[in-house]
Amino acid sequence: MVVNVKLMSMFAKYLKNHPDGKVDVEEDSTVRGLAEILGLPVKLVRIITVNGKQEDLNKVLSNGDLVYIFPPAIGGG
Amino acid sequence: MISAEEAKLLEPYFAKSETSEITMRQAEKVSVETGICLRKVEWFAIRKGFVPRRYRHNLGTFSCAGQLKLLESKVVLIGLGGLGGHLLEQFGRAGVGEIVGVDADVFDETNLNRQLLSNEGNLGKEKAYQAKERLEKINKAVKFTGFSCCFDELPDEVWQNAALVFDCLDNIADRLKLAHKCSEMKCPLVHGAIAGWYGEVGVVWPESEMLEKHYQGQREGLEKELGTPPFTAAVAASLMAAKGVQILTGKYRSTQPTIHFFDLLEDDWENIQL
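First to last, the protein sequences are chains H and C.
To convert, note that position 20 of the first sequence is 20 in the working numbering; the numbers rise steadily by one, no gaps.
To convert, note that position 194 of the second sequence is 194 in the working numbering; the numbers rise steadily by one, no gaps.
Where hints are given, some of them may not hold.
Restraint-style ranges between C-beta atoms, simulated for each label pair [said to hold, decoys possible]:
(1) H:Asn-63 - C:Thr-145: 52 to 60 angstroms
(2) H:Glu-36 - C:Glu-136: 17 to 25 angstroms
(3) H:Asn-63 - C:Lys-251: 34 to 42 angstroms
(4) C:Cys-150 - H:His-18: 44 to 52 angstroms
(5) H:Glu-27 - C:Thr-258: 28 to 36 angstroms
Only part of the chain H face toward chain C is listed, based on derived beta-carbon distances under 7 angstroms [claimed, not checked]:
(6) Ser-29
(7) Gly-76
(8) Gly-77
Source of the hints: derived by calculation from the structure; they are not laboratory data.
Bear in mind that the values here come from a model prediction, so they are computed numbers and not experimental data.
Even glycine gets a Cβ: it sits at the ideal position worked out from N, Cα and C.
Model the full structure from these sequences, guided by the hints.
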């Protein structure tokens with residue numbers, strides 16, 4: 001199945017092999033599985049949303065889901 | 001906003017007239033002749049249907065009622081750097097009646113890339129006092145008090161009657177400390193932070209613990225690695241100003257604690273409910 005992925009800020013580089021944001025994953029894959037496919041450092045992942053709702057790494061994905069993954073917090077002014 | 005005695009003094013200046021605008025010089029003249037501060041003169045003028053010309057292009061957006069609310073409001077800016085400098089500029093021009101600006105630092109050469117209040121001529125000078133000088137050049141009707149100290153050293157009266165506090169700090173530990181203080185005072189806090197092309201803005205309502213949930217124990221941000229460029233600071237500060245004006249004028253609609261993220265490189269905007 002295919003999910004649509006958006007990676008914010010410093011994570012954007014992990015989508016360079018998927019310029020349209022579409023990523024093939026196995027049925028019943030989780031966000032953690034998706035992060036591993038992309039080579040995303042899971043320990044840096046902070047906020048995840050799936051179809052606009054906040055989720056965690058264990059969320060099971062469905063075909064066509066829209067997944068946002070946000071990097072660590074920022075503090076600069 | 002004004003006493004009955006002050007209204008009596010101002011009334012003759014605002015009898016019915018064909019004009020519905022008052023210029024900056026006319027308002028200043030009324031202020032000098034009556035001894036009533038410019039902020040009150042402007043407020044009374046709007047009540048009487050005379051729009052201060054300087055706010056002409058505000059009113060289509062704010063309405064007269066909204067402009068009156070802004071003139072009545074007091075806001076506290078904690079930090080006068082990349083975010084706080086832009087907020088001071090925008091609130092001064094918008095006509096927010098009272099602004100308190102707090103920053104313990106002096107300007108440094110590394111501030112020049114993004115901090116609106118810094119320039120080549122004021123390096124080494126206190127940010128809080130430079131803010132006062134800047135505001136006096138923009139809008140003398142606004143009452144400004146600058147404090148060159150940390151926010152936890154402020155006298156209690158600074159916080160009294162504050163409608164909103166703005167988190168323009170540069171580190172997570174101080175941001176959490178400020179959020180805690182605002183929660184105790186039951187005062188809403190507008191948060192903004194930037195790193196690289198990326199920024200976030202959110203309204204922290206008292207007792208929501210939104211920033212604690214947001215930072216999840218993290219104490220170091222990404223900004224040292226990614227930098228703090230001028231345009232990201234300006235966008236984040238403008239979003240904070242817009243949220244602030246929405247709240248002050250009763251136009252803020254969101255009922256859920258929300259953080260607004262933007263990524264200026266990927267042209268991406270996302271709102272996350274925490």
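Structure-based check of all given hints:
Take Asn-63 of chain H and Thr-145 of chain C: their Cβ atoms lie about 58 angstroms apart, and the range 52 to 60 angstroms holds. The given range of 17 to 25 angstroms is broken by Glu-36 of chain H and Glu-136 of chain C, whose C-beta atoms sit roughly 57 angstroms from each other. In this structure the hint that Asn-63 of chain H and Lys-251 of chain C lie 34 to 42 angstroms apart at CB holds, the actual value being about 40 angstroms. Between Cys-150 of chain C and His-18 of chain H the C-beta distance comes to about 46 angstroms, which sits within the given range of 44 to 52 angstroms.
At about 33 angstroms, the beta-carbon gap between Glu-27 of chain H and Thr-258 of chain C stays in the expected band of 28 to 36 angstroms. Interface restraint check for Ser-29 of chain H: the shortest CB-CB distance to chain C comes to about 22 angstroms, outside 7 angstroms, so the restraint is violated. With 7 angstroms as the threshold, the beta carbon of Gly-76 of chain H comes within range of chain C, its nearest partner Cβ sitting at about 3 angstroms, so the hint holds. With its C-beta approaching chain C no nearer than about 4 angstroms, Gly-77 of chain H sits inside the 7 angstroms limit, and its interface hint holds.
Checked against the numbered hints above, the structure breaks hints 2 and 6 and satisfies the rest.
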